[in-house]
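Visitor: Read off the chains here:
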Amino acid sequence: MRFWKWFFILLGPALLALFTAVMLMVAYPNALKLAAPTLCADDKPDAFVVRYDVQTSDGTGTNFTLFCMSERGEIEEIGTWEPLLILFAITAAIVYGLIFLLWLVGRIRKMAGGEVDPMMPPTDPLIMSADQILARPAEDPFEAMQRDQENPPG
Amino acid sequence: MSGGRRVLVVVGAVVLLAACGGTSRSDFEAEIQSRGGGLGSGLALDALAALEAELGEVPPLRSFTMTNGQVSMEVLVPGTDDQVDTYRYGTSGLYGGGGLSAPTPVTGVGGAQALRRSLFRTERVAFDEFDQVVDTAIEEADLEGGYAQTLRVDRATERPRITVNVTSPRESVQAQFRVDGRPLRTGDG
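Keeping their order, the protein sequence lines are chains U and E. Per my numbering, the first sequence starts with residue 13, numbered consecutively. Per my numbering, the second sequence starts with residue 5, numbered consecutively.
Some clues are possibly wrong.
Pulled from the structure, derived: some chain U residues nowhere near chain E, Cβ distances all over 12 Å [to be verified]:
| hint | residue |
| --- | --- |
| 1 | A101 |
| 2 | V107 |
| 3 | N163 |
| 4 | P164 |
Label-pair restraints from in silico Cβ distances [unchecked claim]:
| hint | chain 1 | residue 1 | chain 2 | residue 2 | range |
| --- | --- | --- | --- | --- | --- |
| 5 | U | Y108 | E | P109 | 34 to 40 Å |
| 6 | E | V81 | U | T68 | 35 to 41 Å |
| 7 | U | D55 | E | G149 | 20 to 26 Å |
| 8 | E | R120 | U | Y40 | 23 to 29 Å |
| 9 | U | D58 | E | D132 | 41 to 47 Å |
| 10 | E | R120 | U | W93 | 26 to 32 Å |
| 11 | U | D54 | E | E127 | 26 to 32 Å |
| 12 | E | A160 | U | T68 | 40 to 46 Å |
| 13 | E | V14 | U | D143 | 53 to 59 Å |
| 14 | U | D58 | E | E127 | 29 to 35 Å |
| 15 | U | N75 | E | V81 | 34 to 40 Å |
These are calculated hints, taken from the structure and not from any lab test. Idealized CB from N, CA, C, for every residue including glycine.
Isolated chain E (complex conformation):
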């Protein structure tokens, strides 16, 4: 074998052994998106269970926001009426951290009176219907390559609502639901 060819074989072997294998992060994320975005009941219920294990109860929430593999919960600090902490729960160290994080205080929540109007109890929210909620949102958005990017429960208006953000490379659509999982039509109160 000539010297040049030998070098080529060695370089080829090194490339074959060292550079191949594994899925790149972008391909992995594209796979998640092609399956709908990875939001659903399983992650939501796991996050609530972790919060309950930490606090002994699930206090009223100010918001519940899900993204891929991550849940962020703004929680009324037990024993107070004007303090809110954020807890994060995740299933991956690569995507924001695994397990339940330590609480971080939230600023600007207003006084007890204002805060009470923006809190909701978790018993009212059908977390086990989130699979259906997300599927409906993606179906109704009808975007090419669309996937559910975020799901948020909060009480921006009088009643708490579930808002699902369905996005695609060219467009984003928001779908709103009642907390029991029923779709909210325009004009619904």
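If we strip away everything but chain U, and leave its shape as in the complex, we get:
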């Protein structure tokens, strides 16, 4: 169970970041410009996200690609994948940062006043956590009593 817990803590935010990055690119293509300071050469500092149509099997699609331009108008195409990767890295850093902050706040609260850690599972007595469900069931007191009657202690 520990494995799955860490799996979701580590991979969940990454998947969320990937989804957010792709949605950002689709909704606001200019978000790709965030990658320009990293990917554009010093002599071509101006970034443009160019929209162009492509023919696909079921009609026409629109693609976005990042260009860097010099002040003379010289161009260099960076493409789509590398800026998207950087957009994903930025989004992932924000998501993991938020989670770390949440964890830190929980820790500080716990140390300060013993309040509930927001990262911990709920402690409602009617809700069993996965650990509780999978743990070995506690010994039934009735069975223990019966066993004691058959083999009286002492």
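Using the hints provided, position chain E relative to the given structure of chain U.
Guide: For chain E alone, kept in the frame of chain U given last:
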């Protein structure tokens, strides 16, 4: 919210999210042209470096033609004296392909004798002066909205020449230069 207004909001949101953003190709090209056309030393030197990396040397050229983000080089095939290949070098997949292309053979270059007269060595050409050459050509053409569309080095006459084609929506002007980058006046040989 009424049904009609709700539909309007949804349509508005879809338009806002899906249709906005990005620069259209025509606006992008207009931006390149307003900056002078994007021809210069950087692209020329990159193309020669790519050719040298591919062949191990830069053989004599028959022509060197630059357009926006693209260079086309007619190159004497190493080890021969009557065969020419075209290599293309580009910085954009959208404008003709990125990197150095595979060679394609050129037909009709004539025999070795005729071909030799149309070849020139790259050491003689001041590729690092091309920024200046293009700026001078645009300045001298003095066209409203003019930009450098092509730059070509070839040896149509006795000596190799640089020809820059400056164009605007209404007019095109050619400016010629020596291979060292000095402007060529009418009557210069």
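Visitor: None of the hints should be skipped; say for each whether it holds.
Guide: Hints and how they fare:
1. A101: Since the minimum Cβ distance to chain E is about 21 Å, A101 (chain U) lies beyond 12 Å and the statement holds.
2. V107: holds, 21 Å
3. N163: Non-interface label on N163 (chain U) holds, nearest chain E Cβ at 74 Å vs cutoff 12 Å.
4. P164: holds, 77 Å
5. U:Y108 to E:P109: 34 to 40 Å: violated, 55 Å
6. E:V81 to U:T68: 35 to 41 Å: holds, 39 Å
7. U:D55 to E:G149: 20 to 26 Å: holds, 25 Å
8. E:R120 to U:Y40: 23 to 29 Å: violated, 57 Å
9. U:D58 to E:D132: 41 to 47 Å: violated, 23 Å
10. E:R120 to U:W93: 26 to 32 Å: violated, 46 Å
11. U:D54 to E:E127: 26 to 32 Å: holds, 28 Å
12. E:A160 to U:T68: 40 to 46 Å: holds, 44 Å
13. E:V14 to U:D143: 53 to 59 Å: violated, 44 Å
14. U:D58 to E:E127: 29 to 35 Å: holds, 34 Å
15. U:N75 to E:V81: 34 to 40 Å: Holds - the Cβ-Cβ distance for N75 (chain U) and V81 (chain E), about 37 Å, lies within 34 to 40 Å.
Comparing the model with each earlier hint shows violations of hints 5, 8, 9, 10, 13; every other hint is respected.
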